[in-house]
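Protein chains in written order, with our numbering: chain A, 1 to 421; chain B, 1 to 421.
By construction, these hints were calculated from the structure, which means they are not laboratory data.
It is possible that part of the hints are untrue.
[Stated by the list, open to error] Here are a few chain B residues that face chain A, going by a calculated C-beta distance under 7 Å:
| id | residue |
| --- | --- |
| 1 | Asp153 |
| 2 | Lys162 |
| 3 | Leu165 |
| 4 | Ala169 |
| 5 | Gly176 |
| 6 | Arg210 |
| 7 | Lys213 |
| 8 | Asn304 |
| 9 | Val307 |
[What the hints assert, rightly or not] Partner residues aside, some chain A positions facing chain B, computed with beta carbon under 8 Å:
| id | residue |
| --- | --- |
| 10 | Gly170 |
| 11 | Glu218 |
| 12 | Ala227 |
[Stated by the list, open to error] If you anchor each label on the Cβ, the simulated ranges turn out as follows:
| id | chain 1 | residue 1 | chain 2 | residue 2 | range |
| --- | --- | --- | --- | --- | --- |
| 13 | A | Asn319 | B | Ser77 | 15 to 25 Å |
| 14 | A | Asp157 | B | Ala21 | 41 to 51 Å |
| 15 | B | Asp157 | A | Ala290 | 26 to 36 Å |
| 16 | A | Pro65 | B | Ala404 | 34 to 44 Å |
| 17 | B | Pro371 | A | Asn319 | 30 to 40 Å |
| 18 | A | Arg312 | B | Pro371 | 42 to 52 Å |
| 19 | A | Gly97 | B | Gly176 | 28 to 38 Å |
| 20 | A | Asp333 | B | Gly407 | 53 to 63 Å |
Every residue gets a Cβ at the ideal spot worked out from N, C-alpha and C, and that includes glycine.
Number of protein chains: 2
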Amino acid sequence: MLTHSPYEPLDADSLVDRLGALPAMMERVGPAAHWRVREVGDGNLNLVFIVEGRAGSAVVKQALPYARVVGESWPMSLDRSFFEHEALLRLDSRDPGRLPAIYHFDRHQAIQVMEHLWPHVILRKGLMAGERFPLMAGQLGRYLARTLFRGSDWAMDTTRRKADLAVFAGNVELCGITEDLFFTDPFHECARNSHNPALDHAVAAIRADRDLKLAALELKARFCGTAQTLLHGDLHTGSIMVCQEDTRVIDAEFATYGPMGFDIGSLLANLWMAVFAQPGLRPDDGETRAYRRWILDTAETIWNVFVEEFTRLWRCERNGILGGRELFEDQADPVGGELALNAMIDGIWHDAVGFSGIEIHRRILGLAHIPEFESITDAALRAGCEHRALRAGRVLAVERGRFATIGQVRTLIARLEGDDL
Amino acid sequence: MLTHSPYEPLDADSLVDRLGALPAMMERVGPAAHWRVREVGDGNLNLVFIVEGRAGSAVVKQALPYARVVGESWPMSLDRSFFEHEALLRLDSRDPGRLPAIYHFDRHQAIQVMEHLWPHVILRKGLMAGERFPLMAGQLGRYLARTLFRGSDWAMDTTRRKADLAVFAGNVELCGITEDLFFTDPFHECARNSHNPALDHAVAAIRADRDLKLAALELKARFCGTAQTLLHGDLHTGSIMVCQEDTRVIDAEFATYGPMGFDIGSLLANLWMAVFAQPGLRPDDGETRAYRRWILDTAETIWNVFVEEFTRLWRCERNGILGGRELFEDQADPVGGELALNAMIDGIWHDAVGFSGIEIHRRILGLAHIPEFESITDAALRAGCEHRALRAGRVLAVERGRFATIGQVRTLIARLEGDDL
Chain A
1 MLTHSPYEPL DADSLVDRLG ALPAMMERVG PAAHWRVREV GDGNLNLVFI
51 VEGRAGSAVV KQALPYARVV GESWPMSLDR SFFEHEALLR LDSRDPGRLP
101 AIYHFDRHQA IQVMEHLWPH VILRKGLMAG ERFPLMAGQL GRYLARTLFR
151 GSDWAMDTTR RKADLAVFAG NVELCGITED LFFTDPFHEC ARNSHNPALD
201 HAVAAIRADR DLKLAALELK ARFCGTAQTL LHGDLHTGSI MVCQEDTRVI
251 DAEFATYGPM GFDIGSLLAN LWMAVFAQPG LRPDDGETRA YRRWILDTAE
301 TIWNVFVEEF TRLWRCERNG ILGGRELFED QADPVGGELA LNAMIDGIWH
351 DAVGFSGIEI HRRILGLAHI PEFESITDAA LRAGCEHRAL RAGRVLAVER
401 GRFATIGQVR TLIARLEGDD L
Chain B
1 MLTHSPYEPL DADSLVDRLG ALPAMMERVG PAAHWRVREV GDGNLNLVFI
51 VEGRAGSAVV KQALPYARVV GESWPMSLDR SFFEHEALLR LDSRDPGRLP
101 AIYHFDRHQA IQVMEHLWPH VILRKGLMAG ERFPLMAGQL GRYLARTLFR
151 GSDWAMDTTR RKADLAVFAG NVELCGITED LFFTDPFHEC ARNSHNPALD
201 HAVAAIRADR DLKLAALELK ARFCGTAQTL LHGDLHTGSI MVCQEDTRVI
251 DAEFATYGPM GFDIGSLLAN LWMAVFAQPG LRPDDGETRA YRRWILDTAE
301 TIWNVFVEEF TRLWRCERNG ILGGRELFED QADPVGGELA LNAMIDGIWH
351 DAVGFSGIEI HRRILGLAHI PEFESITDAA LRAGCEHRAL RAGRVLAVER
401 GRFATIGQVR TLIARLEGDD L
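Bound-form chain A, shown alone (with noise of 0.2 Å):
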């Protein structure tokens, strides 16, 4: 039996021989005999291939006990695959639809099954490809409010959220990484850090500057101690597959309990470095300058639907411990609950100011660095795309609070670009 051996990652050979018996695979890819295989991973952490048949195609996800983008120096345990599925499992039933379909786990293994997206591409490869994606802005919005709000004790039974509760406490590896590699090691000189050459002076700079620092120590003591709801927890654009008509949200092995924002200021953030990049990733041209407008667009419209949506639930599925409809609809005073929403709104989007912030940081300073950025090959015109980014992630991180809008974060950067965007 398959969960009797020792685990043994697999490779495009063993995977044909060790799950070609699987009946979750056989009814979804054919018979084994006419599997074709292709390894397909790019991430940190995990093989994942692509495996097509007579019958359709799935994708087989397997966690490797090390991480992957710094080798097996860096033991990791396989125990993220189970988060990953235990998370899996609760989003899609928050926002049914908007995740891969699971068919099926073995634990032992650390492997997954699951639906092969296509024409799936991932986001961040669209987006420095200028591709556009009509409907993925309202899906993004809608996906973040349900999965936040019903997380959370505002929509939850208290006892089945508390349980949940402690099966992402044991989750504590990956979210040590977090932990970690987004709120410190990039303010600090660290083994595990890199950057581009041409940023050293901004680097010092970065490093010597105490209110940075202090926001991102808050910051990090409000990812730590805030347990409002389930996070996806790595939510970036390479976190998200998207075509014309569907988006999806995959490798949620990062998930834990944590602040609303955190999720909404990962997206933003890496939304944003999509704008700041494209000067060093095609011409500057009218098309270009369209372009970027659309992605700030894209990012207006995330936050606005999530509002719009999160309002909804707040009015329709607020029934959790925290309730809050004794004190004021049920007094007649509907007026009340509304002004609990706008502080509850306030709170969330500065929080994910703050972080969005934080996570431009790291990933120019830190150990996981983004594509759009490292791919620009001339170093000067790629400290440019950076060095904007970052003074942007500098103002959103120590000064979230002079930030009342969506709106003036756009404006923000269009100063920084000197661009009308």
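Given the structure of chain A, go ahead and fit chain B onto it with the hints provided.
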């Protein structure tokens, strides 16, 4: 064997039969033939016996499967005895000697055998009797700093901290009591509530006070969604036993991860309520005024010693994943570390002020009242004391951001009392 019999509540007779052969009892109390057993429980949830014998004495505490204050109509899980025991072990390790020693624990019978504290009295009774305890403020200030800091991500190993978070997430039943009984019930009509009928008008105004209810809901969200440290969770003056030389913290069954300010605010609120109750408890003379000043001094000293000890721990024991040393001290910027401390203390303080305002409301309008007010037989005199306390509580909850120092709270109380305190 004890642990294999079905759960059965103890009484003074059966206790001798059932625990007479227990080595921990024989060692601490002596042979069962000479035991004298008294039931002394006046709490809401448990049976408590003092057992005295030839070798000494011990306290036997047994959880009941229902809330004693309400009766058998409110069933409650016996697991709270497990959580209390787990909390006692942790809190005691963080500030050794400040909790009763545990001699024996039987999870199945929900029985703890613990140190008989003598000549200690319940602090609440001491305050009603006008007694002074010279060492208490310092001991409680240090207890708060040590338990709150050492149970947080500032100090603890993150894997152990997350494992503890998971354990105490299981204490959902008692945590849910706190969530509803503190933050929601007092602010709407609810069958579990009661209040002095002479307060009817004031209570109606409170339940129509939108700003107060918004503050209660914000503080409830902060309590539910914050996992900063392991709290005692019910640190009022009935959970503290004192004598001239020693102070002990008992009854930790409400232990949960939450915001540091919660334990502090609960304790301060109960001290401040003791001040408001004095005019109903004894003659309004110089002696009584001096005693009220002593209680206010005690509250101030608790907070000041908390800050002092928290500062010391911040500098010496900041070794958890939150750290911050890499950003400041290790880069020759100790000032940065001190500024982060200032922000941290500021946040704890404003939480504590807000939670204290909620505690005052729930003790006058909710389920669990306090004998300071209840023992005032003149309804109008009692209402006057309660009403002044409620006025303070409203300001503390709603305007918590406007109190920078504990001296300002003292001034508020003095103004409401029309007195020079």
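We went through each hint and held it up to the structure:
1. Here the hint on B/Asp153 is kept, as its CB sits about 5 Å from the closest CB of chain A, short of 7 Å.
2. Taken as an interface hint, B/Lys162 checks out: its beta carbon lies about 4 Å from the nearest beta carbon of chain A, inside 7 Å.
3. Interface restraint check for B/Leu165: the shortest CB-CB distance to chain A comes to about 5 Å, inside 7 Å, so the restraint holds.
4. With a least beta-carbon distance of about 4 Å to chain A, the hint placing B/Ala169 at the interface is held under the 7 Å criterion.
5. Checking B/Gly176 against chain A by beta carbon gives a least distance of about 5 Å; that is within 7 Å, so the hint holds.
6. Checking B/Arg210 against chain A: minimum C-beta separation of about 5 Å stays under 7 Å; hint holds.
7. A cut of 7 Å between beta carbons decides the hint on B/Lys213: the least distance to chain A is about 4 Å, and the hint holds.
8. With a cut of 7 Å, the hint placing B/Asn304 at the interface with chain A is violated, because the nearest CB-to-CB distance is about 23 Å.
9. Interface restraint check: B/Val307 against chain A, minimum CB-CB distance 18 Å, threshold 7 Å, status violated.
10. Because the beta carbon of A/Gly170 sits about 6 Å from the nearest beta carbon in chain B, less than 8 Å, this interface hint is met.
11. At about 6 Å, the closest approach between the beta carbon of A/Glu218 and any beta carbon in chain B falls short of 8 Å, and the interface hint on this residue holds.
12. Because the beta carbon of A/Ala227 sits about 4 Å from the nearest beta carbon in chain B, less than 8 Å, this interface hint is met.
13. Here the CB-CB span from A/Asn319 to B/Ser77 is close to 23 Å, well matched to the stated 15 to 25 Å.
14. Under the hint 41 to 51 Å, the C-beta atoms of A/Asp157 and B/Ala21, about 44 Å apart, fit the expected range.
15. In this structure the hint that B/Asp157 and A/Ala290 lie 26 to 36 Å apart at CB is violated, the actual value being about 52 Å.
16. For the hinted restraint 34 to 44 Å between A/Pro65 and B/Ala404, the CB-CB distance of approximately 52 Å leaves it violated.
17. One distance hint, 30 to 40 Å for the beta-carbon pair B/Pro371 and A/Asn319, holds here, with the actual separation near 37 Å.
18. The supplied range of 42 to 52 Å is met by A/Arg312 and B/Pro371, whose beta-carbon atoms lie about 47 Å from each other.
19. Range check, A/Gly97 to B/Gly176: Cβ separation about 33 Å, and the 28 to 38 Å hint holds.
20. At about 36 Å, the CB distance of A/Asp333 to B/Gly407 disagrees with the hint of 53 to 63 Å.
The structure fails to meet hints 8, 9, 15, 16, 20 from the earlier list, while all remaining hints are met.
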